[in-house]
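> Spelled out, the chains give:
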Amino acid sequence: MSLTGPQGRPWLARSQSLIALALMVLVMSVLSDKFLTPENGWNILRQISVNLCLSIGMTLIILSGGIDLSVGAILALAGAVAAGVLKHGLPLLRFDLLLQFTVFGAMLAGVLVGVACGWFNGFVITRFKLPPFVATLGMFSIARGLTMLWTGGFPITGLGPEFGFLGTGILLGAPMPVWITAVLVAVFALVMRKTPFGRHLYAVGGNERAALLTGLNVKRVKLLAYTLGGGLAGMAGLMVTARLDSAQPNAGLGYELDSIAAVVIGGTSLSGGRGSVLGTVLGCLIIGVLNNGLFLLNVSPFWQQVVKGFVILAAVAIDKLNARHT
Amino acid sequence: MSDREDIVLEARHIAKAFPGVLALEDAHLTLRRGRLMALLGENGAGKSTLMSILAGAQPPDSGMLRVEGREVRFTHPGEARDAGIAMIHQELSLVPHLTVAENIFLGREPLTRCRLVDRAAMRRRAAELLKQLDLQASPDAPVETLRVGEQQGVEIARALSGQARVIIMDEPTSALSKHEIEVLQELILDLKRRGVALVYITHKLEELDRIADDATVMRDGRVAGEASFKDLTREQIVRWMVGRDLSAWHARTPAPLGDEALRVTGISLRHPERPGDWLLRDISFTVRRGEVLGIFGLMGAGRTELLEVLFGLHPAAASGEICLGGRKVHITSPAAAIAHGLALAPEDRKREGLVLEMSVGENTSLASMRQVTRFGWIRNRAERRHVQRFLERFRVKTPSLEQRIGHLSGGNQQKVILGKWLATRPQVLLLDEPTRGIDVNAKRELYELLDELTAEGLAVVLVSSELPEILAMADRLVVLCEGRKTAELCRADATSEQVMQVALPQGKEAA
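Chains A and B, in that order, are what the protein sequence lines are.
For the first sequence, the working numbering begins at 1 and goes up steadily by one.
For the second sequence, the working numbering begins at 1 and goes up steadily by one.
A hint or two may mislead.
Restraint ranges, calculated between C-beta atoms of paired labels, are given here [said to hold, decoys possible]:
| hint | chain 1 | residue 1 | chain 2 | residue 2 | range |
| --- | --- | --- | --- | --- | --- |
| 1 | B | R351 | A | L130 | 19 to 25 angstroms |
| 2 | A | V134 | B | D209 | 33 to 39 angstroms |
| 3 | B | A382 | A | A317 | 36 to 42 angstroms |
| 4 | A | R220 | B | A141 | 38 to 44 angstroms |
| 5 | B | S62 | A | A317 | 57 to 63 angstroms |
| 6 | A | R127 | B | R66 | 55 to 61 angstroms |
| 7 | B | Q58 | A | V30 | 51 to 57 angstroms |
| 8 | A | A314 | B | Q371 | 39 to 45 angstroms |
| 9 | A | L130 | B | Q371 | 33 to 39 angstroms |
| 10 | B | E182 | A | R127 | 52 to 58 angstroms |
| 11 | A | A317 | B | H76 | 41 to 47 angstroms |
| 12 | A | V134 | B | D259 | 20 to 26 angstroms |
I should point out that these hints are in silico values taken from the structure, not numbers from a laboratory.
These figures come from a predicted structure and were not determined experimentally.
Ideal Cβ positions, reconstructed from N, Cα and C, are used throughout, including at glycine.
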C-alpha cells in the first residue's frame, strides 16, 4: 500500500467527478438511443484522446504550481514539423544536403520539437524567474509564428497511410489514438505515484519553500514538468496531424484552455500540490461526454460552450466548498 | 501629571489564548496624553498580542478597554482607527504603487460633491501633514520610490490624518539607518508635544533615553513591572524581563562529548539592501558530537540568518568558513548542506517545514527518498518501514501514515520534521525555535528526544529566543546581539541576568 495521501483527499473529489460522470451518462442514454452504443463509446474516447494527451502534461505543470498556455501552439508546430520533414525533407543549405525522413524519424522530430519548446518554457521560468503565465504566453506566440513561417500559412497534406495509421488506425479493435493515450495515462499515473519525481512535483507545488529546504532540486523538477508537457503536446500534434492526414497551421487553437478546463474539472488545484492524472482522465471524459451527448441531442455547438463554462465553474465551486469543510 | 484626565487609553485584565499557548494572562496598560510608553520584554512575552488587541486586529478573550474613560469593544481595526488608535507595523502596510497622498488617505479619501475623489484637497492636506512632520517627500511621489524611513513618516502622517490620539510603534527602527532613527525621534518628540500618546516596542534601550517617559516590562503574558523610565536601571529591566522560576524546566542529561562536528569561522552576511551594513558579522563557534550548542538572541540579533547561512540559503551574500567533521566544505544550496550531513528544522513549520497537502508518511520520507527507491521507483513497503521506524521512535501520534500532516498538532508536526531529518542520518541538527507554539507536554517530549539523540552522538545547534529553554537545554551557549557574537558561556556559569545583559543592545548605563 502506498503512502500517497494527497490523492487520498481527492478521492472524495474524484468520487464526485465519478458520480457526475455516471449521472451524465445516465441522462444522455435516456435522452438519446444513439448514445449508449459501442461505436459511440469508441467515438468519445477517440475524441478526447488528443485533449487527454495534452492534459496529462498540463496536470504535471499545474501540480507544480504553474500553468502552460502554449500547449496548443506547440501541438500545431510539432505537427507541422513532422508533416513537413516527412513530405519535403529538411534541406541543409550550408552542406547542400537534403535530409530525408522515414515516417518514424518524422514522428520523432515532431515530438522533439515539442520537447524543445517545453524545455524552453521551463528554462525561462526557472532561470529568469518569469511567471509561468507570461513565459508560456510568450511561447504561445513564438510557436504560432514559427508554425506560420514553416508552413507559409498553408496546410501540409498527403502524408501517406503509414503516418495516418497513428490517427486512424485500429489495433486489436481500438483506435490508435486511444491506445497511445491510454498507455501515456498508465505510464504517468504510475510515475506520479511511484517515482521520486512524482512525489517531488507534489512537494514543489504544495510548498515550494519547504521543498527547497528539504533539499529538493526545485528547478529541475519544474524544468522536467514543462519539458514533459511540451513532449506530450508534440505527441498530441502527431495524432491530430495523422488523423486529418494534414498539418493545419492553426491546429490546436484554444486547446490549452480545454486542457486547463479538464484538469480543473478533474479536481486538480490551480494553486498546485493537489490533484492526479486519473482525476484529469475523468475531467476529459466529462467534457467529452458532454460535447458528444449535446451533439447527439442536436444542441448547437455554441450552447455546448456555454454549458462547458458552467461545468467548469460548478466543478471548482464544489471543490472550494469541500476544501472549506475538511 | 497623573491626573485621570490625562489617561487616553486604559487596558485592564486582558487575557488571550491561542491553541496550545496562553499569550496574555492578565495584562494591563495605561497610556497618557503626550507621553511615550516603552513596552519591553522577551520575544513571546505578549507585547505584540497586546498591541494587536489595542489596535482592534483581534478581540481579547476577557478584559476591558477604555478610551478616554469610555469602554470600547473593537471588532475590527477600522473601529480602533475611528477611536483614534493607529498602529505602525514592523512590516509597513503601504501600497507601493500609490502616491504618498493616496496612501495617507487610503480608505478615507476626501470627496467632492459628485462623490468623486477630491484630488486637489487630498494633495493639499497631504502636503500640510508632510510639512508639519517636516518630511521632504512630495505628495505625488509613489511610495515605492521613498526610503524606508520616509515611508515610516508617511505611515505616521496617515495616523495623524485620522486624528490619532494613540500611536503604537512596533520595532519601528528595525529597518532604519542611524540618521533615519534621529529623524523619527524628532517626529516622536513633536507628536508628544501635540498630546499624542505613544507606545514604543523595542529591544534597543539606547533609543529610549531621549523619548521614553514611562516603561512597562512584560513577561509570560503579564506585566512584570512598570515605572517611570528615568527611575529605571538596566539591571532592573533585565530582572523584570527574565525573573522566572527555572526549576520547572526539563533538566538536560548531558551526553559524553565526542569529536568536533561543526566548526564555523568568521561567518558574515551582508545586508541585502543597505550596502556596508551587516546582518551577521564575524561569527565563530564549534559544536562537538553529543553537544547541544544554544544560540540566544533577541529579535533582529541574526539567529535565523545564521542558520540560513549554514544551510546554504545565502550563497552570494555570505562569507566565512564552515568545517564539518574536520573537513572544509562549500555549501551553496540546501541540497549541498544535506549531502554534507546538516539538517535544518526551520522556525515556521507550516510555511517552511512541511508540505501541508501531503500525508504524514510522505512528509517524513521526503528528504530521504533515495533510501527507499530502487531503479528509480519508490518501493512502497520499504518506504512504510522506513517511515514507521522514525515515527514510532519519536512517538508521533497520528491515526495513520496517510493522514494529512495539516491535521496533526504542532508538537506532532515538529516530531515529523525531526523524523524526516533523522532519516537522512545527519551529523549536525540545526533547530530554529523548535518549541514555538507547541504545548508543554510536547515540549518536554522534544527535550527528552534531544537528550536521546545527543547521547547517540548527534551534534545539535539550538536557536531559541526563550531564555529558560536555552538555559535548560544548551551545554554551551553563544549569545548574539545585532549580528555579532557578544558572549560564549558554559551552562554552569550562565545566569538569566548575565545572558540578557549581553543580548540587549547597548544603551542605558551599559559599558
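> Please go over all the hints and tell whether each is borne out by the structure.
We went through each hint and held it up to the structure:
| no. | hint | in the structure |
| --- | --- | --- |
| 1 | R351/B <-> L130/A: 19 to 25 angstroms | 24 angstroms, holds |
| 2 | V134/A <-> D209/B: 33 to 39 angstroms | 51 angstroms, violated |
| 3 | A382/B <-> A317/A: 36 to 42 angstroms | 41 angstroms, holds |
| 4 | R220/A <-> A141/B: 38 to 44 angstroms | 43 angstroms, holds |
| 5 | S62/B <-> A317/A: 57 to 63 angstroms | 39 angstroms, violated |
| 6 | R127/A <-> R66/B: 55 to 61 angstroms | 58 angstroms, holds |
| 7 | Q58/B <-> V30/A: 51 to 57 angstroms | 55 angstroms, holds |
| 8 | A314/A <-> Q371/B: 39 to 45 angstroms | 44 angstroms, holds |
| 9 | L130/A <-> Q371/B: 33 to 39 angstroms | 35 angstroms, holds |
| 10 | E182/B <-> R127/A: 52 to 58 angstroms | 43 angstroms, violated |
| 11 | A317/A <-> H76/B: 41 to 47 angstroms | 27 angstroms, violated |
| 12 | V134/A <-> D259/B: 20 to 26 angstroms | 52 angstroms, violated |
Hint violations for this structure: numbers 2, 5, 10, 11 and 12, all remaining hints satisfied.
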